[in-house]
Amino acid sequence: MRSRRDGAVSLGDYVSCYAGCSFAVGENGRATVGDFTLMNGALVMAEELIEIGSYCLISWNVGIADSDFHPIDPAQRREDALALAPYYKGRPPRPPIRTAPVRIADNVWIGMNAVILKGVSIGENSVVAAGSVVSKSVPANTVVAGNPAVVVKQLLATDGPG
-1 MRSRRDGAVS LGDYVSCYAG CSFAVGENGR ATVGDFTLMN GALVMAEELI
49 EIGSYCLISW NVGIADSDFH PIDPAQRRED ALALAPYYKG RPPRPPIRTA
99 PVRIADNVWI GMNAVILKGV SIGENSVVAA GSVVSKSVPA NTVVAGNPAV
149 VVKQLLATDG PG
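Reminder that position 127 of the sequence shown reads as 125 in the working numbering, one-by-one numbering, no gaps.
Since the hints were derived computationally from the structure, they do not count as laboratory data.
A hint or two may mislead.
To be verified - The calculated DMTMM-like cross-link candidates involving lysine to aspartate or glutamate, where the alpha carbons are at most 20 Å apart (straight line), are: (1) LYS134 <-> GLU122; (2) LYS87 <-> GLU77; (3) LYS87 <-> GLU46; (4) LYS134 <-> ASP11; (5) LYS134 <-> GLU77; (6) LYS134 <-> ASP66; (7) LYS151 <-> ASP104; (8) LYS151 <-> GLU122.
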């Protein structure tokens, strides 16, 4: 986990982070993970806010980002490269980047190599298929797949385990 301040990452009870799970949290960012969530080799990149619910399963090589991380404009992108050069004596401040919170509700399963982009909310009990790129919000009880991710199935809501 990488952050310049305390409290930037909050893990609930019985959270499991395995095999190279990483959190990269910016100076104003925050990431929270709910109880009993399992993450295996995921990368969480929070410049603003990423909220992951309880009972989630997040597979290998999943990327979750709440920003573009670098400007789209070529001149600003060049400025960003200068700002990120740690030994450059004339380092300017970073240009502003676009952020939008990511919210993943309870009991969501995100398959291997999926990417969750800024501004996305994923509803309770939903599934993101392996390799999907999610750029739009996903309703509860829904399976999405593809690049870009599209709805492939509606799930029946249940009362939970038992």
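Hinted pair, alpha-carbon criterion (20 Å max): LYS151, ASP104. Please report holds or violated. 18 Å, holds
With the threshold set at 20 Å, check whether the alpha-carbon distance from LYS87 to GLU77 stays at or below it. 14 Å, holds
Verify the proposed pairing of LYS134 with GLU77, using a straight-line Cα cut of 20 Å. Roughly 29 Å separates the two Cα atoms, so the pair is violated.
Within 20 Å, alpha carbon to alpha carbon, are LYS87 and GLU46? 28 Å, violated
Hint check: LYS134 vs ASP11, CA-CA at most 20 Å. Holds or violated? Violated, at roughly 29 Å.
Given the proposed pairing of LYS151 with GLU122, does the C-alpha separation stay at or below 20 Å? This hinted pair holds, its Cα atoms lying about 14 Å apart.
Agreement of LYS134 and GLU122 with the hint, judged by alpha carbon distance not exceeding 20 Å: The given pair, whose Cα atoms are some 15 Å apart, holds under the 20 Å limit.
For the pair supplied as a hint, LYS134 and ASP66, is the alpha-carbon distance within the 20 Å limit? OK: LYS134 and ASP66 at ~15 Å, within 20 Å.
The earlier numbered hints that this structure contradicts are 3, 4, 5.
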